[in-house]
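Those sequence lines, one after another, are chains A and B. For the first sequence, counting from 1, position 100 maps to 100 in my numbering; every step adds exactly one. For the second sequence, counting from 1, position 38 maps to 151 in my numbering; every step adds exactly one.
The hints are simulated quantities; they were obtained by calculation from the structure and are not laboratory data. You may find that some hints are simply not true.
[Said to hold, decoys possible] Here are the computed lysine-lysine pairs in the DSS-like style, where the Cα-Cα straight-line distance is at most 30 Å:
| # | chain 1 | residue 1 | chain 2 | residue 2 |
| --- | --- | --- | --- | --- |
| 1 | A | K9 | A | K83 |
| 2 | A | K9 | B | K162 |
| 3 | A | K14 | A | K57 |
| 4 | A | K9 | B | K222 |
| 5 | B | K219 | B | K174 |
| 6 | A | K83 | A | K57 |
| 7 | A | K9 | A | K57 |
| 8 | B | K162 | B | K219 |
| 9 | B | K222 | B | K174 |
| 10 | B | K181 | B | K219 |
| 11 | A | K57 | B | K162 |
| 12 | B | K219 | A | K57 |
| 13 | A | K83 | B | K222 |
| 14 | B | K162 | B | K226 |
| 15 | B | K174 | B | K162 |
| 16 | A | K70 | A | K9 |
| 17 | B | K226 | B | K174 |
| 18 | B | K174 | A | K9 |
| 19 | A | K9 | A | K71 |
| 20 | A | K14 | A | K83 |
| 21 | B | K222 | B | K162 |
| 22 | B | K162 | B | K181 |
| 23 | A | K9 | B | K219 |
| 24 | B | K162 | A | K71 |
| 25 | B | K181 | B | K222 |
| 26 | A | K70 | A | K57 |
| 27 | B | K219 | A | K83 |
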Amino acid sequence: DGGITQSPKYLFRKEGQNVTLSCEQNLNHDAMYWYRQDPGQGLRLIYYSQIVNDFQKGDIAEGYSVSREKKESFPLTVTSAQKNPTAFYLCASSNRGRTDTQYFGPGTRLTVL
Amino acid sequence: AQSVTQPDIHITVSEGASLELRCNYSYGATPYLFWYVQSPGQGLQLLLKYFSGDTLVQGIKGFEAEFKRSQSSFNLRKPSVHWSDAAEYFCAVKYGGSQGNLIFGKGTKLSVKP
Numbered sequence: 001d002g003g004i005t006q007s008p009k010y011l012f013r014k015e016g017q018n019v020t021l022s023c024e025q026n027l028n029h030d031a032m033y034w035y036r037q038d039p040g041q042g043l044r045l046i047y048y049s050q051i052v053n054d055f056q057k058g059d060i061a062e063g064y065s066v067s068r069e070k071k072e073s074f075p076l077t078v079t080s081a082q083k084n085p086t087a088f089y090l091c092a093s094s095n096r097g098r099t100d101t102q103y104f105g106p107g108t109r110l111t112v113l
Numbered sequence: 114a115q116s117v118t119q120p121d122i123h124i125t126v127s128e129g130a131s132l133e134l135r136c137n138y139s140y141g142a143t144p145y146l147f148w149y150v151q152s153p154g155q156g157l158q159l160l161l162k163y164f165s166g167d168t169l170v171q172g173i174k175g176f177e178a179e180f181k182r183s184q185s186s187f188n189l190r191k192p193s194v195h196w197s198d199a200a201e202y203f204c205a206v207k208y209g210g211s212q213g214n215l216i217f218g219k220g221t222k223l224s225v226k227p
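Same shape as in the complex, but just chain B (with noise of 0.2 Å):
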């Protein structure tokens, strides 16, 4: 079955450090990726996606991912972080075709030092 992965289950990072949080898909023709982020309580945020073309994306909140095929992975960073970036992140794939539905990750869950 297709799956996603996301290998850190928590991290802690210091504010201003540099972050990055893995994710690796399992293999599929045309895979459709995202990041979103929750914080406790709350809905999922989109943080940026990816379809095709340019295999560095950018999104909201000064976050990027780099996919990368080979290695089927779609992992998620930040150069500085702060301490409202504290909240859980799902990575997310569909695979091409309008009925394809959404698999997600289990998630990280990021807590920020000051």
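In isolation and in its complexed conformation, chain A is listed as follows (with noise of 0.2 Å):
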């Protein structure tokens, strides 16, 4: 079946800590985008790829690193930097059209205990 998967579902975290979500995707896209959610606030993007080997910042990168070695995979590393890391953590891909259609992951809830 092709999808995107992420692991794991749950993640604690003690402050102070990195760590790092994976996302990996099985649908040939170029495209690869992470989302932050919190309650009322909608999606929020933190780093997309449009192709292996680069990214850019998205709207709220500040504590957060990525890396893009392999087109399947797009892991997303949260620092200590990052003030408030408890959330949701989404992961997407897409082809580079102009009409391309974001398709997401199951999600990754990360707390910071």
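Put the two chains together into one complex, using the hints given.
In structure tokens form, the structure reads like this:
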């Protein structure tokens, strides 16, 4: 089955620790995205990548980092510099055409203890 | 800044009643419009999308939406709601060009009364 997988589904972290969220897709999409979702806030774009070895900051990139070494993988690291990291994180992917549609993974809920 | 507004944070409807969820976007040339649905603790699922052509688009699960350029709106409708439609609904817009990113509304939570 083609799709997007995110792991783990639930993640707990102590303050001051970095943590990496996994996102893998087998849809052969060029573009991948990371969003943060907080209650009542909708989705906010953290980082996106249109092609391997290239990525761009979104609206709320501070305290996060990404890499894009393979087409199918786009891991997100939440660093200790992120002041309020507890949230639901969603990964998406799409083709790069003008009318491309983003497809979403199941999400990872990160809780800082 | 370009934005998407979903005026209703929470809507409750009775099962079998009709539904309309509102979405307004800020003016921009060539908007591409989307509606997604999210069940609690899950990812987003695409319901329908509008790129061009017929302004009334059909989606999955019996949903439809109408694009009205004069009102900058893309409202989602369903003639008869089922209990399984209870979820959160997000409207999103992307402006013309492959480099444009999706801009999401803050969502409308739908509750369904038996």
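Which hint numbers does the structure go against, in order from smallest to largest? Of the numbered hints given earlier, the structure breaks none, since each of them holds.
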